[in-house]
Every structure is written in C-alpha cells, then in structure tokens.
Amino acid sequence: MWEYSDKVKEHFLNPRNVGVIEDADGVGEVGSISCGDALKLTFKVDENERIVDVKFQTFGCASAIASSSALTEMLKGKTIEEAEKITNDDIANYLGGLPKEKMHCSVMGQEALEKAIACYRGKPLSEKEGEIVCECFGVTDVEIRRALTEHR
Amino acid sequence: MMKTVYLDNNATTAVAPEVLEAMLPYLKDHYGNPSSMYGMARRVSTALNQARTQTARILGASPEEIVFTSCGTESDNAAIWAAIRSNPLKRHIITSRVEHSAVKNLCEYLSHNGYQVTFVPVDGKGRLDLDYLYDHLSEDTAVVSLMWANNETGVMFPVEEIAREVKNKGVVFHTDAVQAVGKVPMDIGRTGIDMLSLSGHKLHAPKGVGALYVRKGTKFTPFLVGGHQEQNRRGGTENVASIVALGKAAELAGNLMAEENTRVKALRDRLETGILAAVPHADVNGDTDRRLPNTTNISFEFIEGESILLMMDEIGICASSGSACTSGSLEPSHVLRAMGVPYTAAHGSVRFSLSVYNTRQEIDYVIEKLPPIIERLRQMSPFWKSVQAG
Amino acid sequence: MMKTVYLDNNATTAVAPEVLEAMLPYLKDHYGNPSSMYGMARRVSTALNQARTQTARILGASPEEIVFTSCGTESDNAAIWAAIRSNPLKRHIITSRVEHSAVKNLCEYLSHNGYQVTFVPVDGKGRLDLDYLYDHLSEDTAVVSLMWANNETGVMFPVEEIAREVKNKGVVFHTDAVQAVGKVPMDIGRTGIDMLSLSGHKLHAPKGVGALYVRKGTKFTPFLVGGHQEQNRRGGTENVASIVALGKAAELAGNLMAEENTRVKALRDRLETGILAAVPHADVNGDTDRRLPNTTNISFEFIEGESILLMMDEIGICASSGSACTSGSLEPSHVLRAMGVPYTAAHGSVRFSLSVYNTRQEIDYVIEKLPPIIERLRQMSPFWKSVQAG
Ligand SMILES: Cc1ncc(COP(=O)(O)O)c(C=O)c1O
Ligand SMILES: Cc1ncc(COP(=O)(O)O)c(C=O)c1O
Ligand code: FES
Ligand code: FES
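Chains as they are written, first to last, in this note's numbering: chain A, 1 to 152; chain B, 1001 to 1390; chain C, 2001 to 2390.
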C-alpha cells in the first residue's frame, strides 16, 4: 500500500484552490483521461507579474490531488519568475515527500505550470528537443533522461 | 473509534472466531510433526485428515483428492505445471484474458518459454467467448485453465459446461475457484473438472493456506518437490494449524452457503441499487445475471479509484479498486480493459465485496456516505466540468 | 498424564508463547490484506516490514534481501529454480549426497530433465569431499547448493569457505540453512552466499512459513508466479500472522543463541555421554567436532529404529529415526547410507534434537529410561544373540 505523509493526506482531504478561473491570465492543461491522470491549472497575476489567484482541477490519485493543491499554495504570491523555478521535487518536498511510485503525479504539476506560464507569455511551448515518448504528457526522451540525472 | 465497514472480502476475509478456536490447539500443545512416530504426532495427523474431509466435502470431492498448499497462487501454479509436465509433448495452453495474476502471469511466462498460449477474450459484460475457446482447442492443448468466478467483477464462467466439452477432447481442465468456493454450490465429482484451486483467506480461514483438488486418476507431478507429504504431491512440513483452520472454514462456509445466496445477496443488491439511484454516471461492470452473490463492481465516471478509496477510508469504509493484488500498479485493471470498459469509467471503478458478517446498517451507512464523496471528487475533476457544461 | 520429553526439535518445534502472542492480533482484528489502500491494511504492512527486519537481522542481511515463503522446502525449490532459470545456458548443478529431500529430490528431478547433477560424497563422519566439489565446478555450473547443517546428524559443512571459492568462479551459491539458523551465528553479508533458505517451524514459529535470503544484485526469477507481493519475487497473499511470528521467532532466536550454544549444548553432551556410557554397541553418527549444538544421532546396533521410537513414546520421550520427512519409508536414511554407516547400525539410529525448552531433569530421565529399552529390544533380536554368543 502507498505510504502517504500526513501533509499529503491533509491536502488530499482538504484541497486548496479547487476550480477554474474563468478570465485567467495563464492556463495549463496536461495529461488525458486515458492515462489516468490529468491536471488543469489556471492563474491570475497582478501588474507586477505576481500570482494573486490560482486554481486547479485534477483527475488522478490522492497524490495528484495533493500535489496540485500544494502547488497552488506554493504559487500564491510568487512572481512568474519565481514560479518558473518550482520543480516537481519542490512540490514533493513541500508535501513531506511522496512514495517513489507516485513521483510522476507531482511531475504533472510542474508540467502544467510550465504550460500555464508559456500560455501567459503568449507563446506556445517551444518545440521540444528530442522525441516524444509519452503521448499523454508529451514527455520526451530528453526530459526523461534529465529527470533521471536530476534524481540521482 | 469509528467502526469499520469492511466491504473488501474478495481481497481477504476476517478469520471466523470458530476457525481461530479450532486452530489454536495446533499453535500450542499439539505442535508435533504429523510425519513423526509418536503419540503426540498422531493427534496432529488425525486433525489433518479431518480437515481434508471437511475441505473435500464443500467441493463434493473425496479426501484423497485434496492437496493442501500455501495459497491460491500456489494451487494455480501447481495445477498448470502439473498439467504441462504430465503432458510433455503438448505445447499449447488455453486460458482467458481476465484471469487472476496467478494464472495470467504464469501463462505469460510460459508463452515466452516454449508454450503457445491462447487468451480467450470476453465481451463487454465479462462473458467468455465460448466459440473462440472451442475453436482453439486442439490435439496440442495440454491444459485449459479458466476461473470459476472473477475476483474483480464476480462474473462467473460456465466452467462445468466448458469442462464437459474440454474433457470430451481429452484435455486437462483446471479452474481457479478461489472466489467461488463457499459461495457457489459444487459437486465436483460429477463435473469434468480435473483440478480446482481454492484459498483459505477468501473464506474466513487465515492467509497462507490453500488447496488444490486433483481428480482421482489425473496425472500429477509435484510443484513443490521435497518430502513425502500430501501423498507425495507437495513437499514441505504441513502448515498444520492453518490446514485445520481451512477445514473448519470450509465446514462453516458449507453451512452458510444458503445465507450467502439470500441475505448477503440481498444486501449486495441493496447497496448497488442505492448507489446507482443516488449517483449519476455510475455503472455496474460485468454480467449481473451470472455473478457471485457478494460482489458488485461500480464505475464512477470522471474520477479516479484511489481517491475514492482513500476518502472512503476516512469514514471507515474498506473497498478496493481493481484487484488488491495488482493495486501496486498504476494501470487500470486488465479485467476491465479486457471487457472494453472505457478509460473514463475503468479508472474510477470500485469493487464492493460483502460477507456474512455485513449488516444492513453498514450497507445503509455506505449508501448515505458515498454519494457526497463522489460529488466532491467530481467537483475537482476537469472532465466532470466539461460533462456538466456540455 | 505423563509429561512429554520432546527431543525432536529438528523435526519441528513448539511455537514459543511470545511468538503466538505476537501473531494473534493478525488472526483477529488485523486481518487486512497488506496490499490494500485503507488504514487497516497499513498496520498490517507495517508489521510485515518489521518481521522482515527481524528476520534479516538474525542473518546479518538487509530487509530487502528477505523473501517470505511458505516453508523451507519452498525456499529450497525457489532458490534452485531461480538460479537455473536466471542462467539458462548453464546445465550443471552441484549438491551433496546428504541434502534434505527438498534439495535432493528436486535435483534428481532436474537430472532427468536436461540437467547434469553432481552429488558430492561425504566421508564416514559426514564431512564433505571438498576436492571432489572443486574438481567438478565448471563454466557450465549454474548453482552449487549445499546445506549449512545436516538435519539428521547436525554435521555442518564449511559453507562460508566453500561460498568464497564458488563465488570466485562466478557461480551462484545457495545454502539450505533450515537447521542452522538460530543456532549458528551468521553474518551473511560478509560471505559469498547468494541465497539461503530457512524455515519458521524449526525455530519456534509455526509450520508453514519460511524465508529465502536473496543477496542484493543476485539474478532472480520467481518460483511462485502471481501478484506483486514480496517485491515481485513471490506471488500470493502474504501469510501475515505467520510472517509476524517468524519475525518474532528470529528475534528470540537471536537472543537465545548464546544459551543454545552453552546450556543446550551441555545438555546434549550430557545426554550423549550418559547414553554411550550405559549402552554398549552404541555410536554417534557424524563429525562431533563440527556439529549443531542441539543434535546427536546415535546408532544402537542390532535393533530397529521404529521399535525404539515406539517404546520411548510409551514413556513420553519423543525423538526420531532418520529424518521425519522420510520416516514414511522403510529405507534407512540416505544420509547414513552416504556416510557408509553399516546397515546393522543405520537401521537402529535415533536422532535426539534439543531446544532451549529442555531441562536437565528431562535429560536425566532419558538417560535413566533409555538403556533398559535398548536392552529389551536387543533381547528380542537374533543378531544380538549371535554377538553375545560370538
Ligand atoms: C535441512 C532441511 N531442509 C529443508 C527442510 C524443509 O523445511 P519445511 O519442512 O519447512 O519445508 C527441513 C525440514 O523439514 C530440513 O531439515
Ligand atoms: C481468483 C483468484 N485467484 C487466485 C488468487 C490468489 O490467492 P492467494 O492470494 O491465496 O495466493 C486470488 C486472490 O488473491 C483470486 O481472487
Ligand atoms: S495521478 Fe496517476 S498515479 Fe497519481
Ligand atoms: S519389519 Fe516391518 S518395516 Fe521392516
């Protein structure tokens, strides 16, 4: 059975910032229902590019829901520049860790955030380097290799 | 503390108090090795014989046809290996696409090791494609292994009918009846079934004991090779206390079979009807006409099973999503995929499996508490929103 | 009622009261399936982890290196199959002529199914012919399987030394340590041993649970194929209560190892010396210099083991003749035959195996009561008469 930290459980049972911001400045969607995981992230910024509101919707397991909730909490009050630096490890750490089988659930958060920021900046995500390996997330082999080295 | 409503009896069951009582002497004073020469061991071997008779009775078998094993998985492995090792020239195996991993993974292993394996498909309700099965039966088929009842959906295959056909072709027939024993009346002697697997912990005996029925005259080669135990069919010092427990559990299950098929079935139906009435976009998976009396598998569209389970756990309800044995994997269950259940539904499937220990109050508690959980999770789901909007 | 003097601990042992107490909660309220998603299952999976740590500790292994099984026989079978399936091009196996039937019968089966098996001989004291072993080690050897301590004589092979040599040749080394664990201090991590079998019921856990140590990095293929349990190394719902029991028993055995090697050893020596002093034509079988602390195997010439056992049973003494697992057969034990023990002596061999539960009073009772029994049986024996006359 998966071992979840108290913080994961707490975010899962009482998720923050559930929903969609209708007139959002940034929108990021990743995943698909066939994969079993999907996340939609929307945010609003003020004139200083500071995130003032952020909401999510997640189809996924407890750690996907908790990761999304944690991400929104982490994002509030950050500038876009600061937000950009958030990695899936940061999300997992914020939650007191995730079971290793469930790390990919937090990756979804990072990916959605990247997309939402790209959307905010008005440009589609630049053509990715490498070959797309996972269709659902548009994950490339280069990204997988990078993730592997980062996690050594 | 909150009382637990345990609706996961297809994963494992509570040990019946009568069963625990029956086994305890063999964990205390009567610890002798049944193969030994002294008086103390005699009482132990008598107890084994009694358990063998009790276990045989629930199947309609003879005591000598029972080989005790360590679990359902071992029984399944032993049956398939025995069949192929006893028929070394035949290189073909038939099974279904919805077997438990004990049969499925072994057959997949064999398919990479010199065997050709036919995985018979099922339809949307989990019913076996019999024509496909019979078309593939050949001179080269060493064994047909098909489950009696599916652990995830409760759907039953017509194994008695199939066994007759298979027997006519001179092919060995094995059935994984781990979920069926104790719920379905059996008179195995009158069927064409050559081997049958059962597992104690699905019928209120402890985990870690099972049995394999081997019809008199069926060629057999032991899977666990060692001492002379179990009439040379399974090496290893006998798990005495648990075997005694299995015997007692089989006896109890025989006595409770009627209740299982009336009161428990009615509770299951009440649960199913209650949930479907209260929750939109929820569907039962599998053939409701030919199903175990204690099982219902319901898909809640647009949300994911693990979240449902954990939310239910918070209020003391135990159930499962997919099969417990495979819940370590992130894939939706191979059973629901074989049935063609759409992903939107397969991911959000929950299995409720009852036992004679469940009460009407418990069921009503679930009917009251589950719908708001589903609603809450759907509020978080991106897909739900689009359905609502659409 | 007469008190029983139980001197057959190599056949099986009494469940320690502390062990029973540790396992009982898992036969009662904590019956959840450890793979399940709810809180009730979490306590169960935590208990499994603890048992894994306890079991690892007595070997000097890491918890991830422990695979729980259903018995010593399964551990032995699993180890040998894993070794040969993981090294499919190698077709040679080395074992000894005095292994337990779990290894011996499997190796004999394999010798008729495509494998060449070398059965290394032993000398008159049961010591392994090391030169013979090393001479037969080759590029084609898939596995060397040798027992740590013999169940009938208690004689120990120098497995740590052998493992080093075998490892140097890149060959997998397995040891059946069913009789050695808990009696011999081990630090397996520092040896060349790749796999090690143990069985719970030899160390005061119940029958029907065992473990296989698999060194990190050793190639492994599961023997029992099924679900994801035991990190994909052994399918089948875990025998939770018995695994918890095994963990507790391993912990206790660790604590009692010193007593085993002092007080129990002294009792064994007292018994042996006492019997040999009182009974003529009686001899110890096996190397007394390198032997388990709890075992003595004594041959009483000119009479037959079963008669001795039954006469002892009448006065409450439990022991065995040959190994319990093979006592269903009338042949003298293959172990004594391999040692070249003459038939006149082999037939009348009795194994006494002690445990920490034995007392000095019990031993003195045996020393007092056994000689007249031997004498009485010899009076009935035609051979004895001719010796006396001769
Ligand atoms: C040396 C040895 N190996 C293996 C076994 C088999 O153990 P189990 O009876 O638990 O299968 C035994 C005992 O029976 C034994 O003494
Ligand atoms: C249909 C079926 N077959 C086999 C098994 C395996 O039984 P065990 O867990 O006792 O090995 C199970 C349960 O896990 C099952 O539901
Ligand atoms: S979202 Fe799929 S496993 Fe977490
Ligand atoms: S005399 Fe009866 S077994 Fe040998």
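These are computed hints drawn from the structure, not numbers from a lab.
Even for Gly, the Cβ is constructed at its ideal location relative to N, Cα and C.
Treat the hints with care, since some could be wrong.
To be verified - Cut-off 16 Å, straight-line C-alpha distance, at most; resulting in silico cross-link-like pairs (EDC-like, lysine to aspartate or glutamate):
{"hint": "1", "chain 1": "B", "residue 1": "Lys1003", "chain 2": "C", "residue 2": "Glu2018"}
{"hint": "2", "chain 1": "A", "residue 1": "Lys55", "chain 2": "A", "residue 2": "Glu73"}
{"hint": "3", "chain 1": "B", "residue 1": "Lys1028", "chain 2": "C", "residue 2": "Glu2018"}
{"hint": "4", "chain 1": "A", "residue 1": "Lys7", "chain 2": "B", "residue 2": "Glu1314"}
Stated by the list, open to error - Stretch by stretch, here's where chain A covers chain B in the computed footprint (C-beta under 8 Å, at least three residues):
{"hint": "5", "stretch": "1119-1131"}
{"hint": "6", "stretch": "1199-1206"}
Which of the stated hints cannot be reconciled with the structure, identified by number in ascending sequence?
-> 1, 5, 6
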